[in-house]
Each structure stands twice: as structure tokens, then as C-alpha cells.
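Chemist: Okay, here's what each chain looks like letter by letter:
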Amino acid sequence: MHESLETSAQTPRPETAGGLPAGAARDGGQLEKPAVEFRNIDIAYGKFVAVRNFSLAIRKGSFITLLGPSGCGKTTILRSIAGLVDISAGQISIGGKRVDDVPIYKRNIGLVFQSYALFPHKNVFDNVAFGLKYRNVPKPEIARRVSKALEMVRLPGSEKKLPSQLSGGQQQRIALARAIVFEPEVLLLDEPLSALDANMREEMRVEIKKIQKETGITAIFVTHDQEEALSMSDQIVVMDAGTMEQIGSPEQVYETPATAFVADFLGKANMLPGVVSSVDGHKATITLSAGQAVTAVSPKVLTPGARVSVVVRPQKLSVGASVPANKLAGRVVSTSYLGGSAIYEIDIGERTIIRANTPIDGKVAREGEAINVGFDPAGCVLLDEKGLRIA
Amino acid sequence: MGMTKGWKLYDPRLAWMLVAPVLLLLLLFLLLPIAVMGVYTFFTFVTAGVETSALTFANWKEFLTDSYYHGFLLKTVRVGAMTAIICAVLGYFPAYFIWATTFRHKWLLLLLLIVPFWISFTIRTFSWIHILGEQGIINVTLLKLGLIDQPLQMLYTEGAVIMGLLHFLLPYMILNVYVSLESIDRTLISAARSMGCTSAQAFREVTLPLSLPGLGAGLLLCFVLAAGSYVTPQLLGSGRDALFGNLIYDTIMGQLNWPMGATLSIVLFVVLGCFAAAYTRYMGMSQIVKGLGG
Numbered sequence: 001m002h003e004s005l006e007t008s009a010q011t012p013r014p015e016t017a018g019g020l021p022a023g024a025a026r027d028g029g030q031l032e033k034p035a036v037e038f039r040n041i042d043i044a045y046g047k048f049v050a051v052r053n054f055s056l057a058i059r060k061g062s063f064i065t066l067l068g069p070s071g072c073g074k075t076t077i078l079r080s081i082a083g084l085v086d087i088s089a090g091q092i093s094i095g096g097k098r099v100d101d102v103p104i105y106k107r108n109i110g111l112v113f114q115s116y117a118l119f120p121h122k123n124v125f126d127n128v129a130f131g132l133k134y135r136n137v138p139k140p141e142i143a144r145r146v147s148k149a150l151e152m153v154r155l156p157g158s159e160k161k162l163p164s165q166l167s168g169g170q171q172q173r174i175a176l177a178r179a180i181v182f183e184p185e186v187l188l189l190d191e192p193l194s195a196l197d198a199n200m201r202e203e204m205r206v207e208i209k210k211i212q213k214e215t216g217i218t219a220i221f222v223t224h225d226q227e228e229a230l231s232m233s234d235q236i237v238v239m240d241a242g243t244m245e246q247i248g249s250p251e252q253v254y255e256t257p258a259t260a261f262v263a264d265f266l267g268k269a270n271m272l273p274g275v276v277s278s279v280d281g282h283k284a285t286i287t288l289s290a291g292q293a294v295t296a297v298s299p300k301v302l303t304p305g306a307r308v309s310v311v312v313r314p315q316k317l318s319v320g321a322s323v324p325a326n327k328l329a330g331r332v333v334s335t336s337y338l339g340g341s342a343i344y345e346i347d348i349g350e351r352t353i354i355r356a357n358t359p360i361d362g363k364v365a366r367e368g369e370a371i372n373v374g375f376d377p378a379g380c381v382l383l384d385e386k387g388l389r390i391a
Numbered sequence: 001m002g003m004t005k006g007w008k009l010y011d012p013r014l015a016w017m018l019v020a021p022v023l024l025l026l027l028l029f030l031l032l033p034i035a036v037m038g039v040y041t042f043f044t045f046v047t048a049g050v051e052t053s054a055l056t057f058a059n060w061k062e063f064l065t066d067s068y069y070h071g072f073l074l075k076t077v078r079v080g081a082m083t084a085i086i087c088a089v090l091g092y093f094p095a096y097f098i099w100a101t102t103f104r105h106k107w108l109l110l111l112l113l114i115v116p117f118w119i120s121f122t123i124r125t126f127s128w129i130h131i132l133g134e135q136g137i138i139n140v141t142l143l144k145l146g147l148i149d150q151p152l153q154m155l156y157t158e159g160a161v162i163m164g165l166l167h168f169l170l171p172y173m174i175l176n177v178y179v180s181l182e183s184i185d186r187t188l189i190s191a192a193r194s195m196g197c198t199s200a201q202a203f204r205e206v207t208l209p210l211s212l213p214g215l216g217a218g219l220l221l222c223f224v225l226a227a228g229s230y231v232t233p234q235l236l237g238s239g240r241d242a243l244f245g246n247l248i249y250d251t252i253m254g255q256l257n258w259p260m261g262a263t264l265s266i267v268l269f270v271v272l273g274c275f276a277a278a279y280t281r282y283m284g285m286s287q288i289v290k291g292l293g294g
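If you read the protein sequences in the order shown, they are chains X and W.
Per my numbering, residue 1 is the first one in the first sequence, and the count goes up by one each step.
Per my numbering, residue 1 is the first one in the second sequence, and the count goes up by one each step.
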């Protein structure tokens with residue numbers, strides 16, 4: 001598939017000023033070369049452009065996650081680092097060296113696949129030793145490093161087993177050992193947890209993160225699971241339709257989504273459209289389409305009449321007597337009791353439904369009950385007409 | 001409904017009932033004729049077309065002591081093995097190509113493999129006479145070009161027989177190899193390459209070993225079909241190039257010696273059966289079934 005793109009011309013394009021998004025080289029200092037750097041890359045499959053003008057610098061030793069729905073281009077970007085996909089424009093550097101023309105087998109990349117991709121005809125030892133063998137490491141050294149790697153993934157003594165004799169979780173551990181044993185410059189993880197069952201997934205999540213910290217390897221992780229992304233990453237890159245929507249720490253992307261897409265994709269935020277009716281410094285009163293008015297703190301002074309969306313996380317909402325401000329009267333449409341907390345869907349008029357996830361205080365409100373829902377004016381984010389965060 | 005009372009889904013009785021027609025067919029049309037042949041091997045040959053049911057070991061004794069038969073058997077195994085091996089070498093490349101190509105209409109390439117089956121096998125075999133014969137296209141061309149002044153003897157040789165068998169058997173080999181290649185998870189190759197393999201090394205480490213079952217199935221199938229063939233050597237070989245199948249044909253149709261013919265048939269059946277059994281033991285029959293599109 002990628003052969004067809006091999007000779008694709010490097011179309012000259014104007015360098016976008018500044019180029020890189022914030023976050024990458026920030027505290028690594030200007031002197032240290034980023035572990036991986038993309039400059040304005042495009043990746044096309046025939047006429048379909050999977051990734052468009054993507055730039056990113058990844059600090060050495062960091063754990064970065066490409067998060068997005070399927071088809072957003074995250075896996076394509078990962079594969080382009082490995083050389084499994086050719087880029088149609090721009091450049092990729094690994095450790096400061098351009099790799100556009102470096103064949104896959106010379107890139108020194110550790111890859112972990114969703115499907116484990118262990119060689120079924122080779123035992124665990126030969127699987128893990130594979131990369132070392134092709135780096136001409138002497139045999140006793142190979143044996144030493146393989147057993148060290150197996151200890152690291154907590155499967156010592158499994159050398160003689162065949163992959164088919166291992167469980168899914170064990171296979172993925174072996175795949176991880178195989179990818180890190182030759183100390184690659186970057187570890188690429190392509191949805192490594194998706195094929196595992198829920199319990200295993202949680203365990204592996206912790207495991208991967210621990211091993212990444214211990215080895216200090218730069219890890220690039222691809223997932224569509226926001227929980228995985230939030231719990232494991234130093235930085236999250238949220239992608240949609242081949243472009244970057246936002247980059248930031250898990251807190252940043254969760255608390256201050258840059259776009260409507262990010263707000264919706266990460267944690268299903270409530271998005272309440274409305275019009276600014278009056279402004280008092282950084283405080284703006286917004287009349288919602290649902291009819292009621294709320295006050296929100298805006299980082300920028302807004303102009304009355306501007307169309308905005310108020311974005312509030314379900315966890316930032318309170319109900320009943322504990323509502324601090326922005327009291328909206330509504331009616332419970334559905335209640336999901338979760339033990340310590342409950343998720344309410346509340347109709348605040350004009351068929352606008354608000355989702356609130358709150359600790360239970362007193363008795364649980366039932367369907368059909370009238371209820372107040374509200375949030376702190378500082379506990380929301382405002383998006384402009386185009387769905388971009390007002391900052 | 002009332003009749004199915006007491007029946008469970010996956011009831012063993014139901015399973016037997018469903019298999020019964022096939023078992024009956026196999027019994028009637030396969031096992032029974034072979035058993036009859038087996039009995040015939042002990043009949044006494046009187047003269048052409050005449051035998052008596054007086055039981056005797058004479059036929060088996062003749063087969064076991066006469067090296068004439070052993071020579072034919074060895075030769076048949078040799079030709080079958082050679083054909084199968086050449087098929088494997090020649091067949092792997094097209095199979096690999098069809099598997100690896102990015103050409104969008106792969107089915108067309110697979111269809112091309114099936115197309116020869118639309119023409120009668122006998123006619124396809126006859127066509128070689130016009131290619132290899134004294135007045136065949138090769139000899140005529142070489143004579144016209146003045147490269148030779150006498151036609152080459154290509155037809156009615158063992159080479160011609162093997163050529164004809166290759167023509168007949170290659171699609172079986174290619175399909176078998178192709179199916180086992182198709183079952184390889186391609187991320188394995190990406191994994192190997194990311195760990196430092198060139199494409200050639202990845203082929204040696206991953207693709208080749210994982211396609212061996214298909215290659216093995218193809219080898220067995222080609223060997224059995226080649227060793228059991230009789231039309232091809234009949235049409236393209238001389239008397240010396242006859243295979244065991246021709247010997248059986250000649251014994252039964254020429255000498256009208258049914259007891260001896262039955263003995264030779266059982267011998268070929270047992271020999272090829274042993275190869276198939278050994279293969280099943282070590283590689284599993286499922287590969288062949290897969291290769292046949294099952």
C-alpha cells in the first residue's frame with residue numbers, strides 16, 4: 001500500500017510561522033532535540049488525505065497520546081514515524097535526524113500493535129530476542145537482556161513458551177518486552193489495550209506507564225479511549241479528521257477544551273448555546289437558547305450580542321439545594337444511580353438536556369421531579385460561534 | 001413437532017442422521033468397490049478375460065518378486081516427487097505475487113488461475129503435441145531460424161510428461177500457497193521490519209515459515225495427482241515413460257488380467273495413501289481442505 005506513495009514529490013510549501021504548537025519544547029529547553037518532530041506533514045492515500053499539515057514536537061522521555069475517533073489519522077501518524085506509511089509532504093525527524101528517506105528497518109523504533117503481532121512460530125525467547133538478533137548483539141548478551149526484559153514485564157521464565165500458550169494480556173506483555181528490549185529511540189503503542197478485556201486493560205495501563213517511567217523511553221500512544229489518554233499521558237493530542245484539535249496536559253484538554261469537538265469527545269460536556277446579553281468586566285450574562293440566563297467568567301471581555309456556547313462538564317454541575325449559582329430550573333428526564341453519585345439528565349426547557357454527575361446529597365431525585373441545576377460561573381468554558389474557545 | 005420430542009440440539013443421534021447419507025454414499029461408491037478390488041487380488045487368472053474365484057496369493061507373489069513392477073513403482077514416485085517439487089518452486093512466485101500485489105482486482109488474477117479448468121484436461125494435454133512435436137511450434141521455429149537441422153525429440157519423453165503434469169497441477173499449488181499466505185497477519189511483517197529486518201529478511205523470518213503449511217499441502221496434492229495420473233503419460237510419453245497408472249490400464253484393458261490389475265491398483269492406492277497419511281499426521285489435513293477452497 002505504502003509503496004505507491006514512495007516517490008511522492010516533496011511539494012514545497014510555505015513554512016507556517018512559529019510552526020510548532022505549544023507544549024513540546026517548553027520545559028525541555030531549546031537545546032535538547034525533540035525525540036520526534038513532525039513539520040507540516042501531509043499523508044495521503046491516493047486522493048484521500050488522512051493527515052493534513054500536522055506539526056508536533058515530542059520531548060524526550062515523555063508519554064504522549066494521540067487521541068481521537070477512528071479515522072482521525074492518529075494511527076496513520078504513528079505508522080509514519082515507523083516508516084510503515086510514507087508522508088506526502090513535510091518532514092519527520094527522530095532524535096533530530098530527518099528520517100523521511102530512512103527505511104523502516106533502520107529507524108530503531110519499538111512498535112506494539114493492537115493485535116500483539118507476536119510471531120506464532122517462534123517461542124517467547126525468539127520473539128523478544130528478534131530485534132537484538134538484527135542488531136548483532138552477541139548471544140550471551142541477548143540472553144541476559146531478554147531475561148531482564150521478561151522480568152520487567154513480570155513474565156520471567158516464559159522463554160520456552162509459544163505465544164499460543166499465553167493469555168491475551170501475557171501476549172501483550174511479551175510484545176511490550178520485545179519492543180523495548182533493544183532500547184529503541186521511541187516506543188510506539190498502537191491501541192495496545194483495545195484487544196484486552198476490561199480488567200486486564202486497567203492492569204496493563206498501569207504496567208505500561210510504570211515501564212515507560214522506569215526506562216525513560218519516549219512513548220507515543222494511540223487510543224480512542226479518553227480514560228486511557230487521561231490516566232497515562234503527559235501530553236494529549238486530540239485529533240479529528242486528520243488535523244490537531246488541541247494539545248495539552250490531561251488537565252488542560254479536559255478542563256479547558258479548545259474546541260467544541262474536544263469538549264464533546266472528552267467527557268461529553270454539556271454545550272449550551274446562547275447570546276451574550278450583558279457584560280460586566282470579565283463577567284458576562286448569557287441568555288441561553290433554552291430561555292434561562294446564566295453568568296459566566298470569560299477570560300476576554302465579550303461584546304453583548306455575541307453568539308457563544310457555554311461548556312460545562314457534568315461533574316461541575318450541582319443539583320437541588322447545593323446549587324451555588326446559575327440556578328436553572330428543570331425537570332429530571334432520567335436518573336442513573338451509581339452508588340456514591342448519580343447521573344441526571346435534566347430538561348431545562350426548549351428540549352435542552354443537561355447531564356449532571358453529582359455526589360448524592362440526601363435523596364436521589366426521580367424521573368419527572370422538578371429540580372434545580374447550576375454551576376459556578378468560573379466552572380465553565382466559553383466557545384465562540386466557530387466552536388473555538390474564547391481565551 | 002411431536003416426532004422431535006426428546007431431541008436436543010446437538011443430539012449425537014441427530015448428528016449421525018445428518019452424516020448418514022454421506023457415509024452411505026462413501027460406503028457404496030468408494031469403500032465397497034475398493035473392497036471388491038481387494039477380493040479380486042486373490043482370484044486366479046486363467047487366460048485373457050477369464051478368471052476363477054479360486055483364492056490364490058499368486059498375484060501378490062508376482063508383484064512382490066517381479067522387479068519389473070518395482071521399477072515402475074519407483075519411477076512413478078520419482079516422477080510424482082519431481083513434478084511436485086518443480087510445482088512448488090514455480091508455484092510459490094505467482095502465489096506470492098498475487099498475495100503481495102496492490103492491484104485492486106485481485107479476484108481477476110485468481111480467476112486466471114481457474115480459467116484453464118474450463119477447458120477439458122485432455123484437450124489441454126493434447127495441445128502440448130502442437131508445441132513439442134516434430135511439427136510443433138518450437139521445432140518449426142528453430143528449423144526456420146536455422147538453429148537446428150533436425151527436429152529435437154521433445155515429445156514422448158519424460159520431460160514432456162512432467163511438463164504436461166506441471167501444466168495440469170500448477171494451479172493447485174498456487175492456490176494452496178496463496179491461501180496460506182493470505183492467512184498470515186500482515187502486521188507480523190511490519191513488526192519484523194520495525195525490529196530491523198529488510199524485506200528479504202522479513203520474508204525469511206515470517207512469510208516463508210508461515211506459508212510452509214500451504215506449500216506442504218500443495219506438495220502432497222501435486223504428488224498424489226501426478227503419481228496417480230495416466231492420461232498425461234499416455235499422450236505425452238513414450239512406452240518407456242509410462243507410469244504405474246498406465247501399467248494398471250494396460251494390465252486390465254490390454255491383457256484383460258483383472259486379478260493382477262486389481263493387485264496393482266491396490267498397491268498404488270496403499271502407497272499414495274501412506275504418503276497422505278504421513279502428511280496428515282505431521283501437517284494436518286485442514287490445510288489441504290483450505291487449499292481446495294473448503
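Among the hints, erroneous ones may be present.
Here are the in silico distance ranges between beta carbons for each label pair [as the list claims (entries may be wrong)]:
no., chain 1, residue 1, chain 2, residue 2, range
1, X, P103, W, M82, 54 to 60 Å
2, W, A100, X, P120, 18 to 24 Å
3, W, T56, X, S164, 51 to 57 Å
4, W, A278, X, G46, 44 to 50 Å
5, X, G46, W, Y282, 40 to 46 Å
6, W, A100, X, K148, 36 to 42 Å
7, X, S164, W, I85, 28 to 34 Å
Derived from the structure by calculation, the hints contain no laboratory data.
A virtual CB, placed ideally from N, CA and C, is assigned to each residue, including glycine.
Chemist: Which hint numbers doesn't this structure obey?
Modeler: Hint check: 1 fails alone, others pass.
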